[in-house]
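A.B. asks: Now for the letters of each chain:
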Amino acid sequence: MKAENALLGTAGLAGFLVLCEAVPRLGIVSEDYFPPVTRIADALVTEFGDQAFWTALGDTLTGWGLGLVIAVTAGILAGVVISVVPFLRETTASTIEFLRPIPSVALIPLAVLLYGTELQSVLLLVVYASFWQVLIQTMYGVQDVDPVAMETARSYGLGTWARVRHVLWPTALPYVMTGVRLAAAVALILAVTAELVIGAPGLGRRIAVAQSSQAVPEMYALVVVTGVLGLLINVGARTVERRALAWHQSVRGEVAV
Amino acid sequence: MLDVRGLKKVYEGSGRRVEAVRDLTFTVDAGELVCLVGPSGCGKTTLLKCMSGLLTPTSGEVLLGGRPVTGPPPGMAFVFQEYGRSLFPWMRVRDNVELPLKQKKLTTSRRRELVADALESVGLSDAAGAYPWQLSGGMQQRVAIARALAYEPDVLLMDEPFAAVDAQTRADLEDLVRGLWQQRGITILFVTHDIDEAVYLGERVLILSASPTVVQEQLKVDLPTERDQLHTRVAPRFAELRTHVYEQIQAAKRGRPADLEDAKDMKADAPPGAP
Amino acid sequence: MKRLALQLFFVLALPLLLVTAWWFASDGSTDVYWPPLRTILTTFPDVWTGEQLRADVLPSLLRLLAGYAAAAVVGVALGTVIGSYRRVRAVCEPVLEFLRAVPPPVLVPVIILFAGIGDTMKIAVIASGCVWPILLNTVEGVRAVDSVMTETARSYGITGAARLRHVVLRSASPQIFAGLRQALSIGIILMVISEMFAASNGLGFTIVQFQRNFAIPDMWTGILLLGLLGFVLSVLFRLAERRALGWYHGLRDTSRRSS
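Protein chains in written order, with the numbering used here: chain A, 1 to 257; chain B, 1 to 275; chain C, 1 to 259.
Derived from the structure by calculation, the hints contain no laboratory data. Among the hints, a few may not be true.
Calculated cross-link-like contacts (lysine-lysine; reagent style BS3-like; alpha-carbon spacing at most 30 Å) [what the hints assert, rightly or not]: (1) B/49 x A/2; (2) B/8 x B/49; (3) B/49 x B/253; (4) B/253 x B/220; (5) A/2 x B/8; (6) B/253 x B/8.
Hey, can you work out the whole structure from these sequences and the hints?
C.D. replies: Written out as structure tokens, the structure reads:
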């Protein structure tokens with residue numbers, strides 16, 4: 001079954017590529033708008049030979065990675081503290097509910113004014129967007145801690161730190177990992193957005209430049225690169241999640257929040 | 001009414017071949033209440049799913065009223081063991097019971113009548129507007145039974161319906177099934193792994209062997225038609241019958257050496273009472 | 001009564017504290033980028049007049065609605081087909097995984113090639129970004145329909161359209177809503193940046209205009225309005241979800257209590 005699925009999947013991918021080659025070749029869609037796969041592949045190879053491409057890739061990954069690390073650290077810390085202290089949980093709930101749905105792109109003009117095309121612009125957007133994902137999932141996870149387990153730990157004389165370490169953290173971890181996975185995907189979207197719209201250096205800006213200079217195959221090649229990047233991030237995050245939770249009897253589903 | 005002839009079901013997948021049911025032949029007459037018992041894992045559920053048209057047998061056939069079953073037939077209703085997964089949690093009790101009727105081209109008033117009547121029969125008229133998950137396990141299984149009744153089946157198949165409810169609820173539900181059978185004259189095939197339940201409920205008990213499954217014995221239950229939990233279960237005849245069924249199942253579990261292909265099981269003590 | 005007062009305190013205390021802090025911290029601020037909150041709030045009604053709302057906010061919202069609705073219809077329909085057949089799923093999976101992974105904003109320059117810079121482009125951008133979470137969640141939800149439920153439906157002759165409507169889609173609805181929720185936030189992002197990229201009206205366009213003209217308090221009112229919009233849309237979504245998934249939340253609470 002597994003082999004069959006892999007085979008079907010490969011066939012699907014091949015079919016998709018053939019379709020993308022055939023549609024412009026047959027003139028169904030103009031080649032000016034949608035170049036055939038082979039020409040995109042050519043452009044991709046040219047990109048790979050260009051030092052500037054690798055710099056752009058590095059810039060994007062820096063903005064993504066740095067922003068993600070900041071958001072994850074802040075999200076976990078804030079999430080644990082807020083949900084462990086009942087008073088904080090009660091008082092912050094309404095504020096979180098209000099701030100979370102604010103689209104991070106609303107901050108674009110502010111980022112432009114404050115930081116121009118610097119890295120900080122990217123970080124502002126990336127951190128704002130991914131912070132909430134981690135925070136919410138962490139809070140959900142901590143609230144899922146079994147009170148009986150907590151009581152048991154207390155009755156055996158475990159201190160606060162030991163309780164957090166041995167009871168709270170293991171329970172919350174699956175949720176935290178889900179939050180990190182979602183945040184990783186969102187962070188890439190915002191990093192590319194910042195580059196595309198603000199013009200911070202990176203793949204996004206390279207796409208904008210390719211578009212304005214009518215370099216259509218190059219633009220598609222770069223879009224494919226961002227897609228592959230997103231794919232690697234998704235697959236990577238899922239693998240890390242599964243590894244880290246291999247001990248867990250039930251790898252939980254996503255929390256609907 | 002219901003004929004099973006030479007039924008055989010083999011599961012094949014990922015290089016493994018499992019013979020769940022080897023060769024089953026039996027009949028259930030119209031208006032009869034037959035219980036099927038067998039050791040756990042003997043393919044009872046497989047058999048029932050083949051009979052209801054949910055699974056296609058590898059060979060052999062099932063006839064309902066003389067016509068071969070190829071898909072789920074309209075005159076048959078199924079009550080599953082997992083009531084929690086068989087009732088639709090997004091529908092209220094009333095809608096759960098009504099949904100199958102919507103496929104039957106009945107008038108709205110007739111549908112309402114059937115739903116109300118079925119819920120009345122299982123004593124759940126008050127719960128019509130509730131969601132299934134707001135009810136206890138026993139009540140949920142009552143809803144599933146009401147859904148089957150409203151469908152007006154000729155044959156009712158029940159797959160270990162009370163395996164997941166507590167003992168007292170179970171006794172109530174057993175009496176409910178007997179009562180409904182007597183009132184409505186439906187043909188019921190009731191699968192269980194509980195010997196007492198089989199003897200208490202059935203007019204006839206079919207004992208299945210261990211997998212690969214054949215019919216080990218058919219037993220007529222010569223208890224009076226009027227049964228109740230208090231007296232029937234302590235009647236000497238009840239004790240005799242249940243002891244007999246118990247012995248048969250123990251024998252079935254050990255298996256007849258001729259039927260075994262697995263060398264490891266062959267080493268088990270020779271069953272003294274085995275036929 | 002006392003409980004209610006306490007609850008009100010918990011809901012309002014921190015927001016009030018934050019706004020007050022902002023008010024006083026920014027009062028008398030001479031930093032051009034951080035105008036006093038007083039100035040921003042007094043500018044707000046001047047900037048966002050009824051006419052301005054009609055000229056800028058309404059077109060944005062209509063485009064969002066059109067793109068989102070198109071994505072929902074296509075995503076659920078296609079997702080149901082793909083989710084129902086194992087082989088179709090196996091064929092489509094790698095391609096879908098890739099398409100979903102493409103960050104939606106990079107579609108803006110691609111779609112501009114096809115659709116120019118008009119409304120069509122913006123609706124197409126929003127739809128093509130929103131469709132993936134809806135599609136993939138529908139596939140997942142349809143695939144995971146409980147086997148006992150499927151068999152129940154079959155044994156009672158519930159097939160075809162009735163099965164789809166009463167069993168498959170209802171059973172997948174929690175997953176579908178999870179997808180719709182993700183899609184909503186993506187849709188708002190795309191609404192804004194498609195307007196920042198190329199437009200002559202819309203919320204995103206106007207905010208960027210303010211920023212380019214160094215109308216800083218006006219820009220701040222735009223940011224506030226956008227934030228408010230995001231909040232209101234999420235509240236509306238939650239209301240719709242509560243209505244459609246009331247049974248699901250009840251079921252989940254029940255099983256959580258008993259476990």
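A.B. asks: Does residue 49 of chain B lie within 30 Å of residue 8 of chain B when you go C-alpha to C-alpha?
C.D. replies: Between residue 8 of chain B and residue 49 of chain B the Cα gap is close to 12 Å, so the pair holds against 30 Å.
A.B. asks: So if I understand the rule, the pair passes when the alpha-carbon distance is 30 Å or less; does residue 253 of chain B with residue 8 of chain B pass?
C.D. replies: 20 Å, holds
A.B. asks: Can the restraint linking residue 253 of chain B and residue 220 of chain B be considered satisfied, given a maximum Cα separation of 30 Å?
C.D. replies: This hinted pair holds, its Cα atoms lying about 21 Å apart.
A.B. asks: Regarding the pair residue 2 of chain A and residue 8 of chain B, is the alpha-carbon distance no greater than 30 Å?
C.D. replies: Cα-Cα ~28 Å, so holds.
A.B. asks: Residue 49 of chain B and residue 253 of chain B were given as a pair; does the straight-line alpha-carbon distance stay at or below 30 Å?
C.D. replies: 22 Å, holds
A.B. asks: Is the straight-line distance between the alpha-carbon of residue 49 of chain B and that of residue 2 of chain A 30 Å or less?
C.D. replies: 27 Å, holds
When the structure is compared with the earlier hints, no violation turns up for any of them.
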